[in-house]
Every structure is written in structure tokens, then in C-alpha cells.
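Chain by chain, the residues:
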Amino acid sequence: MNQFTVLVKKELIQLVREIKLVWFPLVFIFLGITQPVVSYYMPSILEMLGGGQGISIDPSMMAQSGGEVLASTLGSQFDQLGVMIIVISLMGIVQSDKASGMLAFILTRPVKVGSYLSGKVFSHYVFIAFSVAVGYIVSYIYTQFLFTGIPLEDLSIALLLYLLWVLFIVSFTTMISTIFNSQGVIALLSIAILLGCRVIVGLNPFLDTINPASMSTYGMELLVGGVLNSNVFWSILITLILSALAINISNTWISRKKYRID
Amino acid sequence: MKLEIKNVTKSFKTKTAVNHFSMEIQSGECVALAGPNGAGKSTLIKLISDIMNPDQGEVLLNGKNISKMKKEIGYLPQYPNFFPWMTANETLNFMGRLSDIGKNDLERGIPWVLSKVGLSGEENSKVGTFSGGMKQRLGIAQALLHKPSLILMDEPVSSLDPIGRREVLNIINEIKEETTILLSTHILGDAEEICERFVIIKDGRKIEDATMIDLLKRNNKDKLYFEITEKVKDWVREIGAFDYVKNVDLTGNRVKVEVDNIGLNKDMLLKNALKNNVNLVQFKIDSESLEEIFLKLVVDK
Chain A
0 MNQFTVLVKK
10 ELIQLVREIK
20 LVWFPLVFIF
30 LGITQPVVSY
40 YMPSILEMLG
50 GGQGISIDPS
60 MMAQSGGEVL
70 ASTLGSQFDQ
80 LGVMIIVISL
90 MGIVQSDKAS
100 GMLAFILTRP
110 VKVGSYLSGK
120 VFSHYVFIAF
130 SVAVGYIVSY
140 IYTQFLFTGI
150 PLEDLSIALL
160 LYLLWVLFIV
170 SFTTMISTIF
180 NSQGVIALLS
190 IAILLGCRVI
200 VGLNPFLDTI
210 NPASMSTYGM
220 ELLVGGVLNS
230 NVFWSILITL
240 ILSALAINIS
250 NTWISRKKYR
260 ID
Chain B
0 MKLEIKNVTK
10 SFKTKTAVNH
20 FSMEIQSGEC
30 VALAGPNGAG
40 KSTLIKLISD
50 IMNPDQGEVL
60 LNGKNISKMK
70 KEIGYLPQYP
80 NFFPWMTANE
90 TLNFMGRLSD
100 IGKNDLERGI
110 PWVLSKVGLS
120 GEENSKVGTF
130 SGGMKQRLGI
140 AQALLHKPSL
150 ILMDEPVSSL
160 DPIGRREVLN
170 IINEIKEETT
180 ILLSTHILGD
190 AEEICERFVI
200 IKDGRKIEDA
210 TMIDLLKRNN
220 KDKLYFEITE
230 KVKDWVREIG
240 AFDYVKNVDL
250 TGNRVKVEVD
260 NIGLNKDMLL
270 KNALKNNVNL
280 VQFKIDSESL
290 EEIFLKLVVD
300 K
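Chains A and B, in that order, give the protein sequences.
Take numbering that gives the first Met the number 0: the final residue in the first sequence is number 261, and no numbers are missing along the way.
Take numbering that gives the first Met the number 0: the final residue in the second sequence is number 300, and no numbers are missing along the way.
The reader is advised that the hints may include incorrect statements.
What the hints assert, rightly or not - Stretches of chain B that chain A covers, calculated by requiring three or more beta carbons in the stretch to come under 8 angstroms of a beta carbon on chain A:
#, stretch
1, 42-51
2, 95-106
3, 204-215
If you're looking for bench data, these hints aren't it; they were derived computationally from the structure.
The structure displayed is predicted, hence computed values, not measured ones.
Just so you know, even glycine gets a beta-carbon here, dropped at the ideal spot from N, CA and C.
One chain only, chain B, in its complex shape (with noise of 0.2 angstroms):
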């Protein structure tokens, strides 16, 4: 499997969604599409989806064009939004049905699917009644079913408390060592837990393109992170003088240095605060962390 998406355009009325974007994704990757509400994540999603077409550019899959690979794509939308009529067997029937599977497939791979997605028990309740945890789980369900070799999730877990966000995660943790997923998120610490690859896309632009380590170290100015019990605004006042520190940033009762050379400077500015009776809590090295490069990247470029 390999999906390449080149040089896509799409906009609309009034604004460019998606700008020039192009990115390939093989077979067995994890890729995080991340970015700023309204970036353009969710028309990208949909125009890999086959629901919107481009207005440039192309979609391909294996090499060729998408709205021919269709069974080859599971999509769950932002919200899932099943007939409030049918039961999550009837639903997950007629998905597969619309997919071409045979009757005897779907007898032996409806239990499976759900019993994966943690919804065994409920194949015979309304769909209407289902909290919108279930109805994410029986979206991914019906993305499962057909054994797509590439399944596209917009927003997975943003709309969902702590504990549905939870279940969603663990299931895509599951499901992404057998297939190809790309989903879209603007909460970076979802991202975080499955997938290795970033795509971070920002007014229908790429802007980065990396695996989290790459981000990681990329962006790795490592900093002394202090955590005092009073501000001791005179000691800061000193540290912030001293050649080796390049910036001090004082927050409440935490101090974070940026120095040159952490190896050398570290134990010198230790020594400094014992030397000034700074009480300290906590004495750390702080790299920053995915969201700040996040920020960093959305906000500054």
C-alpha cells in the first residue's frame, strides 16, 4: 500500500483549505495530521476520502486514483452520525453490505469487530441510544470491517471525555500494528501516544513533516527547570546576569534557565542557588515538550 497525495488544491468561496499540499504514506505507518482548528485538516481528510474533489492535484492509491480504490479506504468522520433507527448490527451490516462483502463474511466478521471495538453485548441496541463514545467505537467498527488497507480518522477523539478519548485510544493502539492510519487531531498529546510521524499542516500548508523523535531533537534546547518555595526575585536577577545564561523565564514559583552548555553550566548554577539559600523543591532538565514545538511552529511561521 502506498498513498501519495500530490500537489492538492482545494478551496472555497472565500478561503484556500488545503494549499499545494502534497505527502506519501506507506504501508503500516501511523501519520498524525496535526494543526490549528481550521487549518485545513478535515477537507484534507475528506479529499483522500473521495468526499470532496480536489481542485487541483491528485489523490493516488497504489497508484491510482482514489475514488477507484474505495475498498481499500475505512473513514470515520469527525462525528459519526449512524440511522438513529438501526441497531449497531443493522448499521454495521448495511455498511458492509454497501461494501460488497458476502453474507457469510459479515456473520463471522460483525462479532469480531465488535468484540474488538468493545461493543459485544450491544449488537442489538439502537443506535439512537448510544453515548457518543460507542457511536466513535462504532465508527471505527465499520471502518475495521471491510479490512481497509487504510483507515482515515478525522478527529477521533476530540469530541469525547476522558474515559471515551481513553477507550478510542487503546483501540487505535490495537489496530494500528495490522493497518495504515492516518488521523487528523489538533490535541497534540492524542497524537502522541500512537502515532511516530507528524504532518503539521497550518492554513492548508505543510509546515513540517517529521517523526516525533526527529521533532524532538530537532527542537531540543534543553533548559534547568527550578521550582522554589518563595520567589527570590534578586537570586533570578543574578543567574540572569552571568554569561552562560542566555534567558530566564520566572513563572510563580518556577524558574526555567536556558544556558549554553547544559553538561558544564548545570552544576555551576546548582551551586549558586545552594550558595544563595535558594529553597528548592524541584531541580530538573526540562526539554520542551511536542506541544510547545507545536505552538512554536503554528504560531511563529
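Chain A on its own, in the form it takes in the complex (with noise of 0.2 angstroms):
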């Protein structure tokens, strides 16, 4: 066995010690219940408070298609609460085991950094990945129970493009874990970037095609209308050559032996 499964195979353990296998998925599932429902029930909501006088209501309200309150999930729920909660989550993922000597420990064994790593990236991104995929499924179930239908396979790409949205988010925090020392630093520094680049979409075509939050829109895009971005092949490339950079400079960083010790 090498070193990698055996590395990963302790993240894995440590995510079933720590509980995270349990709460985390279902902060997800909450998100994703949220935004059907709310907008669901959104105009009785809205009736009860208002007191029914004096309040109209706009009838497309209640004229959602499925696609477009999903794609709300994606936008207003999981690119929100659902970034920060995945930073916060991460923060600690290399800065604890600088902090606590583990990383020196480890690699005074004969073990590559790239496999520390990489260990840590794969077990984080295949669990996150699939807490956001579970979210976004039992999201979709409500959509299609309250509101409409989605084909298929504009339901599957879009996940697609929003995993690989997810994959940067976990190797740029990593990165940031890496680099600096304070949680409090790696988390504000973290969500503040990711947060920022979310918010620029949409203000320049060439931005958008290399900033990784574009695969969120393009997920949405084709949710609500079916049709996918003509940019989606070089932002798919970009965010994997991005996502690559960030383990990369992580890489560099602890193999030229840059991070604090004590």
C-alpha cells in the first residue's frame, strides 16, 4: 500500500471520528430543501405577515419552473452559506497539522509531499463533492414535487459544472491553509477571494472565462434555460489549470520548507 491510500484512508477515518460524515452532508441537505420550499411557500408567507391588505403579490411567483429554483439553490443558497461553510470546514485542512508539528512528523518519513497532498485534497474533494451532490439531489426532489421537472441531462451537467466549481474552492483553500498560519486569516482571506470572484461574474465576458465561479452560472444558465455557454470548454480547462496551480504552489511551498515551525 502506499503512502497516498494510506493517507487518504486517515482522512476518511478522521471525517467518520469527527462526526463530519454526519453533519456535513446534511447542512447541504438543509440548503438544498431551503430554497424550494421558501419559495414555495413564499406567498403565503408573505399573506400571513402582510395581513392580506394592501399587498399584491406577483402571480410568477408562484410560476416557477423547476430549473429556475434550482438554479436559486445553486446561486443564492450553495454559493453563499454553502462556500463559507465548505471554507470554514477546510480551514484547518494543512494549517492544523503544521500547528500541531503532525506535517513535519509526517514527512520525516519517507513520504512525497505531492502524496500528503494529494491525499488531502482527493479524500476532502470526494466527501465535499458528495455532501454538495446529495444537497443538490434531495433539492431537485422537492423541486420536482412543488414546481416542475428537469431534464436529465441539464440536471447532470450542471452538477458537473458545479463540482468543478467545488474542486477550486477546496485546492485554493488549501493553498491558503498552507500558506498562512491564523484560521482566522486562512477563513476570512478564503471565503473573501472565493466570495469576490462569485460576485464578479457577469461584468466582463474574458473575466468570466477565467474565473472558476463561472461554472457555477453556466450550471445555472442551463438549469433555467437550457442552454449551455459557448465559453464552457476554456473555463472548464481554466478552472482545472487554476485548481492544479493552487496544489502546486502548495506543493512548492511545504517542499521548500516555507511553512512555520514553531
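Using the hints, build the complex out of the two chains.
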């Protein structure tokens, strides 16, 4: 068994022991349910709170398509609270090993820095992607029940595009966690930059092509209108390159022993 | 096995922790790296265990750079910090696998190494519940597991209580028969028990490298030691005036006298004491302890 497998196995056992295996998917299931349920009951909620007088309810609220609702799950739930929760759950990914001395300790063994990092990124990405997918599917089940169905093809392609954005979130946070030593700084910096990327989508077509956060909007466009942006190929490529670059920078950083030792 | 440290230098922003340090360790030796706090001991151990890279110089094991010889090294950090959610067994399994030990070897090796450090019966307890001494012993277990030819220990007993210290010292005494050990310490009494060779480091420089016997012999200025019931200042003044007495040191009821020639002067002083009716409790020839020699080396030089 090589070191990569040993390290992945260790991460998975840790997910189980720290009960993250339970609460993390639950958070995304909760986020996934929120959007369709709130959208569905919004008119009744407004009616009750407003007392029914002098309020006119836009009838189009009721007429949302399933695609629109699921797209808002991605755009309003996963891309806001979801990103923050992913970042906060990952901020210690390398930092806690640096702080406890385990990183240095592990590296006194014949372990390649690459195996250590890829083990981390792989296990956490697979787990987070799984949680996001579960939340997404639950959201779809509610959407389809309360609104309309969505073609399976659009549904799965949108999810895959979104998971690429998640890949970038994971590798970027890993890089920040490698370079900085304070959890607060790591969380703040990662959240600010990632949400910043998400906010600037739509400002400039060129920026959109090189912005990994566009993957999320491409998915949403597909769900809403059934069409895929023509730049999607380049964006996928660039997102993959940027993710690889982030892991590479972490690798160089640790290999050159720039991380602080007590 | 041969470890060569060649002219290694490591600087941090404000200070040079290790300054042009060289030494060699041969197979089977047990070497204590002694020095005051902040002398660069931990940094040197980290340079040897390839946790840090030196700014200058190199560390070679059997002629090859240390970073290619990690399987041959067992490292015990100053505060071994394992994953608290792992059991002792899982920790050793994890560390062992990282060192490329096969499953079957681990199945045999883990119980062996646990019994060696006296942790049999604790294999399924979580490391988070371990005391400092138990963690240190688990740390030794993981350093031994892959049967390295060199074991590096950073302050293995400094943070332990007397019981834990005794346990760990006994274990080290046992394992030094089989491997080469380099350990750092600022408590010479501990090092004295296990190691024959001392390397003393101060401000990142090597200021002494000798066996314990050499060190004692070289600094052997025998003194006469009197313990008396009451201060007899007149007598102390009187012997201080003799021309063969080089130095008299009175602390409390203890008088230390340095003389020209122990063999000749011992009886003369004793007779003199009896003549003056000095009430003696104890009289002996006292050589300098290692601790005193260490203090002198570190403070004076």
C-alpha cells in the first residue's frame, strides 16, 4: 500500500471519528431543501405576515419553473452559505497539521509532499462533492414535487459543472491553509476571495472565461434556459489549470520548508 | 552507519541558530547534545531529521544526503503530538505504513514495540487520553518501529515528571544496545546516565566534544570537602593562609578547599582541623560534577 492510500484512509477515518460524515451532508441537504420550500410558501408567508391588505403578490412567483428554483439553490444557497461552510470546514486542512507539528512529523517519514497534499485534496474533495451532490439531489426532489421537473441531462451536467467550481474552492482553500498560519486569516481570506470571484461573474466576458466561479453560473444558465454557454470548454480547462496551480503552489511551499515550525 | 554533519549553518530572521557546526557519529554510539535553552539543539536535530534545510553545509548519512535516507531515521519530537482520535495501535500502523512497512511486518512489529516501551494493554486506547509519559513512550515506539539505524530524540525526558523520566530513561538505556542514538538535553544528569559522548553547543557553535570520562579527567581539580557543625570562621581563615591552599569556599556548613597536591595536603589539613577542635561531620575528596563542568563551559566560554 503506498503512502497516498494510507493518507486518504487516515482522512476518511478522521471524517468518521469527528462525525463530519454526518453533519456536513446534512448541512447541504438543509440548504437544498430551503430554496424550493421557501419559494413555494413565499406567497402564503407574505400573505400571513402582511395581513392580506394592500399587498399584491406577483403571480409569476408561483409560476417559477423547476429549473429556476434549482438554479437559485446553487446561486443563493450553495454559493453563499455553502461556500462559507466549505471554507470553514477546510481552513485547518493543512494549518492544523502545521500547528500540531504533525506535518513535520509525517515528513520525517519517506513521504512525498505530493502524496500528502494529494491525499488531503482528494479525500476532502470527494467527500465535499458527495455532500454537495446529496444536497443538490434532495433539492431537486423537492423542486420536482413542488414545481416542475428538469431534464435529467441538464440536471447532471449542471451538477458536474458546479462540482468543478467546488474543486477550485477546495484546492484554493488548501493553498491558503498551507501559506497562512492563523485560522481566522485563512477563513477570511478564502471566503473574501471566493465570494469575490462569484460576485464579479457577469461583469466582463473575458473575466468570466478565466473565473472558476463561472462554472456555477453556467450550471444555472443550463438549468434555467437549457443552453450551455459557448465558453464553457475554456472555462473548464482554466478551472482545472487553476486548481492544479493552487495545489502546485502548496507543494512547492511545503517542499521548500517555508511553513513555520514552532 | 555513519552520520556526518558538515559545516551546517541555519539562520532565522534575527539570529543564527546553528553556526558552522560539524560532527560525526559512528555506528553504535550514544551521543548527548547538551546546551542551555536556545543554544540551537532543537534546530540542529531538525536539520538532521530533514525537517528544515540548512542555509549552508550538509548532513550525510552513509555518504548520502539525509533527505534520501529517511527510512534509516527514527525521530522523536520534543512534544510528540499524535492525532488524539487515533488509538495507539492505529498511530503505529499509520506511521509504519508511511515508512513502507508491510502489513505482515506491522502485525508482528507493533506488539513487539509496544511491549518494549511498556504500553502493552493500551493498544486500543485513544492517544488523546494518554499522559505525557505515555505519549513520549509511544513516540519512542514509533521511532523504533521501522528499525532505523539512527534515532534522533529532541529533549526526550525534559518535560516529564520524575516517574515518567525514569521510565523513558530505562527504555533508552535498553534500546541503545541496538541502535545509534543522538539525543538533545539541557539536563546533564539524564544524559550522564545513558550517553558516553557529550557534544556541548552554545549559541549555535560546538564548544566541546568529548567522552564523559575525558571531560571529567580534563576538568579534574580535586577538592577537599569538609562538612562541619558550626561555622568556624577563624579556622577557615587560618587554612586560607597556608601556601598549599589555593582556594577556600565556605557555603553554610560546607567548606570546599582546593589544594596543590591532594595526596600530600589531605592529611595535613585534616590534622590541622583536629588540632583546632573543628567538629567534623563529613570529610571527603570531591571531584567536580559534570553539572559543574557543564556550567563552567557554558557560562565562561
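Now for the hints, and whether the structure bears them out:
Only when three residues or more bring their CB closer than 8 angstroms to a CB of chain A does the claim for the stretch 42-51 of chain B stand; here the count is 5, and the claim holds. Beta-carbon proximity to chain A at under 8 angstroms applies to 5 residues in the stretch 95-106 of chain B; the threshold of 3 is reached and the given coverage holds. Counting residues of the stretch 204-215 of chain B whose CB falls under 8 angstroms from any CB of chain A gives 0; the rule of at least 3 is not met.
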